[in-house]
Amino acid sequence: MNREDFPMLDEDIIYLDNGATSLKPKCVIDKMIEYYSKYSANAHRGDYDISYKVDSEYEGTREKVAKFLNADSDEIIFTSGATDSLNMIATGFFGPLIEAGDEILITTSEHASNVLPWFRLQNKYGAVVKYIPLDSNYHVTLDNVKKMVTPNTKVIALAQITNVIGDLRPIKEICKFAHENNIFVVVDGAQSVPHQKVDVKDLDCDFLAFSAHKMYGPTGLGILYGKRELLESLEPVNLGGGMNESFDSPSEILLKELPTRLEAGTPPIAGVIAFGQTIDYLNKLGMDKINERELYLRKYLVDKLIKIPYIDIINLEADSGIVSFNVEGIFSQDVAFYLNKYKVCVRAGNHCAKILKNATKVTNSLRVSLAFYNTESEIDTLVELLANKDKILKEML
Amino acid sequence: MDPEIKREIIMEHYQNPIHKHHVDDDSYDMVNTANSSCIDNLNIYIKFEGDVIKDIAFEGEACAISISSTSIMIENLIGKTREEALNIIDNFENMINEKDYEEEVLGNAIVYSDIYKQNSRKSCAFLPYRGLREALTNKGLN
Ligand SMILES: Cc1ncc(COP(=O)(O)O)c(C=O)c1O
Chain A
147 MNREDFPMLD
157 EDIIYLDNGA
167 TSLKPKCVID
177 KMIEYYSKYS
187 ANAHRGDYDI
197 SYKVDSEYEG
207 TREKVAKFLN
217 ADSDEIIFTS
227 GATDSLNMIA
237 TGFFGPLIEA
247 GDEILITTSE
257 HASNVLPWFR
267 LQNKYGAVVK
277 YIPLDSNYHV
287 TLDNVKKMVT
297 PNTKVIALAQ
307 ITNVIGDLRP
317 IKEICKFAHE
327 NNIFVVVDGA
337 QSVPHQKVDV
347 KDLDCDFLAF
357 SAHKMYGPTG
367 LGILYGKREL
377 LESLEPVNLG
387 GGMNESFDSP
397 SEILLKELPT
407 RLEAGTPPIA
417 GVIAFGQTID
427 YLNKLGMDKI
437 NERELYLRKY
447 LVDKLIKIPY
457 IDIINLEADS
467 GIVSFNVEGI
477 FSQDVAFYLN
487 KYKVCVRAGN
497 HCAKILKNAT
507 KVTNSLRVSL
517 AFYNTESEID
527 TLVELLANKD
537 KILKEML
Chain B
16 MDPEIKREII
26 MEHYQNPIHK
36 HHVDDDSYDM
46 VNTANSSCID
56 NLNIYIKFEG
66 DVIKDIAFEG
76 EACAISISST
86 SIMIENLIGK
96 TREEALNIID
106 NFENMINEKD
116 YEEEVLGNAI
126 VYSDIYKQNS
136 RKSCAFLPYR
146 GLREALTNKG
156 LN
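If you read the protein sequences in the order shown, they are chains A and B. If you're matching positions, the first sequence starts at 147 in my numbering and goes up one per residue. If you're matching positions, the second sequence starts at 16 in my numbering and goes up one per residue.
Check the hints yourself; a few may be wrong.
[What the hints assert, rightly or not] In silico DSS-like links for lysine-lysine, alpha-carbon gap of 27 Å or less:
#, chain 1, residue 1, chain 2, residue 2
1, A, Lys300, A, Lys322
2, A, Lys540, B, Lys132
3, A, Lys489, B, Lys137
4, A, Lys347, A, Lys270
5, A, Lys540, B, Lys21
If you are wondering where the hints come from, they were derived from the structure by calculation, not from laboratory data.
Let the sequences and hints guide you as you build the complete structure.
What follows is the structure, encoded as structure tokens:
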């Protein structure tokens, strides 16, 4: 659907690595060019017309993102990516709060960006990172969350959709239970916000992090959503221009209000402005439609893959466009090299979820991550290429 | 060498690699070699007798190029002195980087002479040599 909107689809490739980064519609690319060629000035400095224009476009995106997530504008912070957002949350909010013995609940299927910042709190402050057990499909259940919660649990940090298993976590239920027990919930939305409707008020999560580039927007930009009262006590990790009101000496520093306080330095202006177009574009398509299309494509792929006897699908059950699998007896990277010869782009590896292997006993896999612009015929090509094991073995070198 | 023969040698060493097993013997040194860009991860075990490489074995998970390259390297290096081995590693490195090299010392490893055409595969082919070089120069041993 809407393939004509994506210039990259004119290239002679089959792009099935949308979980790594997505393609960008022309309206987003055009908007970046517009900024660089028509009003290329800095933000928040404006004493002249084009700088004023930058400010209004920049803040316009913030309002669009806020509305998209059902948040308020000053709860939306522009960061450099989901990774940056998660680090700000862990270091800036939980760092000052956490005490030795406090427990942080994550899972083994989190992305490195939702593991390592928490490991740091363990190493630095003596907090304890614990893992919510996954069920036989590698999913998180509310029951398993409940089993792991103790009076020391401070925060539960989970991807809403994980990047290898592609499972959708019951975030709303987890938030409700967590809040009844005075526990914060951090949601890594890197793989969910691009593919389904996410309403922060409905979920009632405390923080949400995601990247623009995985949702048909520019690289170098991420979003950090936080409930306003929590963001108020998030200590800026970066200090510098734009975020201070005044400073005369180390003891006399006055910082700006939210959200500016958390956006030190010159932000990725072109990216932010173009991201406004992404939001308009997604609203026009409709997130429900996108989700429906991607789930349909997933089923279409899985129904075909399952018929190939030597293919092991790791995540048969998943509510996303992510399908992870292995070709029996052939190393995932060799299969990816083979597919690349036919210009089919899929990912091989451990997908930055290095501790997941303990749970799945699979150290690495191939991952197809679909987007709404993928087609049945692209999937047919992939399946045809995989359906001949001799050909893979013959051509993988 | 005919590309089809190269392919057959690589596949043979991938599907039936030599000395691919765990080693639990103090007389061996172990070095781990891994590709940060991909997922290849090998442990290489080496036993010296004086200055001579008496035995090499390996274990781990890696792609066809890394596994076959390790197997071919082992075939070639057992019985060589440290100096000879380092010379072979240098020549192999030169070959995959399109520099001048002595074909005679490389044995079957010349099957990777065209690997420079696939940039992403170069580091796979070189992986065991990198590990061995570390072991021979006594860095990264554990
Ligand atoms: C679940 C998840 N979280 C976080 C990230 C990190 O995103 P970024 O690299 O854009 O910061 C990713 C990216 O792969 C991801 O899949």
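Hint-by-hint comparison with the structure:
1. The hinted pair formed by Lys300 (chain A) and Lys322 (chain A) meets the criterion: a straight-line CA distance of about 14 Å does not exceed 27 Å.
2. A hinted pair counts as satisfied when its Cα atoms are at most 27 Å apart, and Lys540 (chain A) with Lys132 (chain B) qualifies at roughly 18 Å.
3. At roughly 20 Å between alpha-carbon atoms, Lys489 (chain A) and Lys137 (chain B) fall within 27 Å of each other, so this suggested pair holds.
4. A distance of roughly 33 Å separates the Cα atoms of Lys347 (chain A) and Lys270 (chain A); the hinted pair therefore is violated under the 27 Å criterion.
5. With a C-alpha separation of about 12 Å, the suggested pairing of Lys540 (chain A) with Lys21 (chain B) holds against the 27 Å cut-off.
When each numbered hint is compared with the structure, a violation occurs for hint 4 only.
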